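First to last, the protein sequences are chains P and C.
Under the numbering used here, the very last position in the first sequence is 1129; numbers go up by exactly one each time.
Under the numbering used here, the very last position in the second sequence is 1129; numbers go up by exactly one each time.
Note that these hints are calculated values from the structure, not bench results.
One should not assume that every hint holds.
As the list claims (entries may be wrong) - Derived lysine-lysine pairs resembling DSS-like cross-links, with alpha carbons at most 27 Å apart:
#, chain 1, residue 1, chain 2, residue 2
1, C, K633, P, K633
2, P, K1028, C, K1049
3, C, K980, C, K1028
4, C, K1028, P, K1049
Said to hold, decoys possible - Which chain C residues stay away from chain P? Per the calculated CB distances, all over 12 Å, these:
#, residue
5, G528
6, T542
7, R784
8, P922
9, A961
10, D965
Just so you know, these numbers come straight off a predicted model, no measurement behind them.
By construction, the Cβ of each residue, glycine as well, lies at the ideal position given by its N, Cα and C atoms.
Number of protein chains: 2
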Amino acid sequence: MRNRLVLHTLFLLAAIATSRAQTQINVMPMPSGMQIGTGQLTIDSSFSVAITGFHDEELERAIQRFATELSLQTGIRFRSASSESSSPTLRIHTEHGRDAVQELGEDESYALSINESGITLAAPNPLGILHGLQTFLQLVEPGSNGFIVPAVTITDHPRFAWRGLLIDVGRHFIPLDVLKRNLDGMAAVKMNVLHLHLSDDQGFRVESKRFPKLQEMGSDGLYYTQNEIRDLVSYAHDRGIRILPEFDTPGHSGSWFVGYPELASNPGRYTLEPGGIDSVTDPTREATYKFLDKFIAEMAQLFPDAYFHIGGDEVNGKHWDANPKIQAFIRSHGMKNNPDLQAYFNRRLQVILSKHNKIMIGWDEVLHPDLPKTILIQSWRGQESLATAARQGYSGLLSFGYYLDLMWPAARHYAVDPMSGGAATLSPEEKTRILGGEACMWTEWVIPENIDSRIWPRTAAIAERLWSPQEVQDPGSMYFRLQELSWRLEWLGLTHTSGEVLMLHRMAGIDDIRALRTFAEVVEPVKDYTRMNGVKGPWDFRAPLNHLVDAASPESKAARHFSDVVRGYVEGGHKDQATEAQIRNSLTTWRDNDAKLHPLLEQSFLLRDIAPLSADLSAVASAGLQALDYLDKSRPSPEAWRAQQLALTEQAKTPKAELLLMIVAPVQQLIACTAE
Amino acid sequence: MRNRLVLHTLFLLAAIATSRAQTQINVMPMPSGMQIGTGQLTIDSSFSVAITGFHDEELERAIQRFATELSLQTGIRFRSASSESSSPTLRIHTEHGRDAVQELGEDESYALSINESGITLAAPNPLGILHGLQTFLQLVEPGSNGFIVPAVTITDHPRFAWRGLLIDVGRHFIPLDVLKRNLDGMAAVKMNVLHLHLSDDQGFRVESKRFPKLQEMGSDGLYYTQNEIRDLVSYAHDRGIRILPEFDTPGHSGSWFVGYPELASNPGRYTLEPGGIDSVTDPTREATYKFLDKFIAEMAQLFPDAYFHIGGDEVNGKHWDANPKIQAFIRSHGMKNNPDLQAYFNRRLQVILSKHNKIMIGWDEVLHPDLPKTILIQSWRGQESLATAARQGYSGLLSFGYYLDLMWPAARHYAVDPMSGGAATLSPEEKTRILGGEACMWTEWVIPENIDSRIWPRTAAIAERLWSPQEVQDPGSMYFRLQELSWRLEWLGLTHTSGEVLMLHRMAGIDDIRALRTFAEVVEPVKDYTRMNGVKGPWDFRAPLNHLVDAASPESKAARHFSDVVRGYVEGGHKDQATEAQIRNSLTTWRDNDAKLHPLLEQSFLLRDIAPLSADLSAVASAGLQALDYLDKSRPSPEAWRAQQLALTEQAKTPKAELLLMIVAPVQQLIACTAE
């Protein structure tokens, strides 16, 4: 009974959310303040923009990009970006310029007012203008007499000052153009930090002129030149986004040692192994600090941001344990253990960073009372860890709950709030130390072809969590707006939807992939670390990622939709005939798909391993159809039948080919229903 | 009866073609010589390439691009482009290098041999290597134990030396990156000339440093800088493609006059009008030739190709008629009429071009006995016109029958042969003067978002006509290979398939576009000049192209497939139940689509005009379903019913919203069938 009640409430909430969303304004992240007006403004080729107040070339470029995006969205070519018209459609006013280097906590607020006669957008500085223009672009839609924007007054500002996306370019290199289109996506959802994890055991990805063997020997030739980094930093700055560099040390730093083995705790000859290099930095040699000082001096120039991330996570103590000189150093310096040695290392690093005017950031493990309160903690461990730091006076960022590589549904990320759990009990002053959070795109299983689909659209839910008021929490409204945002993101060149088709063609090797698409639409990659845990032997970062698990969306839209429809049907007492027809239609397609897919599965080695799951889809769909037959007859199903079907469907829940079939739970709901 | 026989033969041919294609090699254009071997070669990450003989950086870049494309197609990252392995997978041998400027008629032949132990690719020069690598890429497919290429021996060379694609960047500017991805597409189908129509009445698209008002006043700011042109020329050269510039004159040259009105036949003040500028060059003033001499000197440097296209088509005589000075000039120089004046102009132009080491090309109209036999005629009028020129000793290219903007099906272009019709009766020597042809992408109704879908995949059929032996003519085989090529082309970044989805979202303004896609899949844009002829008032090249006619594919794959299935069903005596079920399934989807689409049609002004055609789709599908019901009952349908349905379906053939419903003819076939 409790179960029924919960389901019923959820369904009601979803229904309310959907209807509200449709009469509401379709913006993501949801603005902090909004009043819907009456009427609308038509957008046509006479659209013009005028700027008053502060004015510079960067703002001009922003208006130019805005005009280009508006052109793409509407197909209308606008005469010119800004105009001297006396009655412009859009009046932009800003008071003063931005700093050459974007700072944490700069005012990002804006006020956008749209009525039938025009639009005004005002902000203290151009950052707010950038955000306001993105809000405006999301409001444009085809109306009955032309493209329109609804009348609305929005006053908006972010809840958190730090709204980041980490991209790990160490495990798999991500080319510059892919980063740029992702910066465009970030700007669309008002994120303001791109955190680049630039080195790891598998590759070192930035050109150092001082220590060229870092990139030359520590990578497969794929790295960013310094000119490319400067280009990226300026591209990001134009979009109101800071670039935060991370060079992970003393752990996750194997790629450094190929060129500079003297930095390793066990010097020797290192080569880039398939699984990456297993060693850590030696914190006991003065030469290590001399190297780091020169290296950081160079990188501090290249990356203008005030913050500098030194990683500091997951240091495997075995290498320090194995080196008698290191253990002797620990004892001779009055330290107790390896964590003390890491704290010593971090203190030395922090002094170097400070000399080069950088503020240190590290993962949870760097937290140590010996370090100054100015450092920033990024937490992969959770709000409790963050709260502990905040109580001690340290500021922090949440990344726990925002790991995109775990393939969670958007709603699960959305429910994670930096101020919840352990952080909820902090004092108001302590709470100010929680600066925001970062979505994390670790790339063990991610390559340029599929990275967009792992980041988008789910990251928009995290962006909303970090921008919008804490009360904005309704997953129904979130999903509605997420889907409407998703297709708009593809206009920016992101390939989160279109890329899948290319990968399916690669697997099939033929033009007709309809049956494969039907199958791919209802599966998801396995969750959490299941895939990594299933690897036999060392994980090989060079292995091809060309199976269905690499192409399938992390969250099946079709399955979520089916699940919603079944829930509505069951909650409504399974009476609605149109809904039943809709369910039958889906189930019939799925039941018949296995036979259509089979020739392909036999033909291609890349698809052979999905055969059992394709058979499951057919069997589960058949069970669902039989359940509907029982419901139609208004007679309870035999208990033996139910037991058999539930066993069959339960079996279909086990992952196969690293994929999960996502329609099993709603079919089980239908089966359960036939008991009454 | 004759009709039945023809249909039956066609169907048989298609069936043969399909089965042959499946056991044959899936390459487009079809090689001139091919022997299928036994067995296959597996492609894995150990794949390596070795080059013997001639070797340069351009060849290295070609191998690098090949490795990148092979990586994309397979998802396998290859260690390095070329290797020093003693047993490489692919051995490449070429004898000598290419000229710095690619010449017409350079040897493009290659020999590719694949067996279980490896691949050899040999060619006299790197052009053949480029073509052989493209053939190889098309042969790679996922097999049952890995990616494979079938054993085959191919010796291949082109039928015609000139295999071009014209892109009109005058009417609508096409950005550099779009041209580049189209060059990649051209290289994939072994085309070797990109002809850029660089100026017209709507815009002048190249930077002239000598006469900067050409691009600055004669365009909306969208033009290629000289650096961009150099970049494009070198990008094309790397891919074995020449860039042919066209500056159309004395007609189609309105954009020149905005900055330099003194060149016009009726000097005055010109501005870029919505319909373009209606005037022609004045051939009677010496200053015109001084200008052209300096301009051509500059452009001859910028475009290294030996040929230079001066247009010369469609000169509207009214401007010359209206100017008494021009008419006096005609009389005083002993000319009879305006065509004589144009011939005078062309002779003067030809002398200038010759001085700058360029060979003149022009459209049919430039043909005149006073011009030297070295000039080249490009024919939009047809093989007869080309044959006339060839008999007089002029060489020529065919473009008649290859106008992509007319929205013909690929098979119709495919059936046009440069040596057929008037050209078939030429002597062997005269035939050597027919150098090839060019597909033409005129852009009155084409913009960057839809240009790929207007060019691809249909242009591959024209590429095959110009490369493969004349006997290769089977449309069934062509379509089969065209579809298999089409998805591979999207790996090059072409958007001929994926772009449509974005445009449909723009029209719908929402995420769920399933019903719109179903509709879009069975319509095609109106053919020939129907759309231009329907324009009321002057055609405005700035008007938004954001309706369904701008997004819909020129050739409906779904309709062609449906038509094939219905033909098979009818020819087989409408007995096959599985085929009938398939037909029913399609018809039911189409019948029910109108109701699903209606909410969208009411919501968006961009879709409202398709409502009548959506209703037609539903009605036609219903008629088809009723026909199947009669056939099931094995009783003839009442004549009155047939008359009514044929009237209804005939009405559904009339274009609406500039679209044609493509499933009407096969449904009429079903209806006709019920008479017996």
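For each hint, the structure was consulted:
With a C-alpha separation of about 20 Å, the suggested pair K633 (chain C) and K633 (chain P) falls inside the 27 Å cut-off, and the hint holds. The straight-line distance between the Cα atoms of K1028 (chain P) and K1049 (chain C) is roughly 22 Å, inside the 27 Å bound, and the hint therefore holds. Among the hinted pairs, K980 (chain C) with K1028 (chain C) is inconsistent with the structure: their alpha-carbon atoms are about 35 Å apart, more than 27 Å. This hinted pair checks out: K1028 (chain C) and K1049 (chain P) have alpha carbons roughly 22 Å apart, not beyond 27 Å.
The beta carbon of G528 (chain C) is not kept farther than 12 Å from every beta carbon of chain P, the shortest such distance being approximately 3 Å. The Cβ of T542 (chain C) sits about 16 Å from the closest Cβ of chain P, beyond the 12 Å cut-off, so the non-interface label holds. Every C-beta of chain P lies more than 12 Å from that of R784 (chain C), the closest at about 46 Å, which supports listing it as non-interface. Every Cβ of chain P is farther than 12 Å from the Cβ of P922 (chain C); the closest lies at roughly 25 Å, confirming the non-interface assignment.
With a closest Cβ-Cβ approach of about 7 Å to chain P, A961 (chain C) is found to fall inside the 12 Å limit, against its non-interface label. The beta carbon of D965 (chain C) is not kept farther than 12 Å from every beta carbon of chain P, the shortest such distance being approximately 8 Å.
Hint violations for this structure: numbers 3, 5, 9, 10, all remaining hints satisfied.
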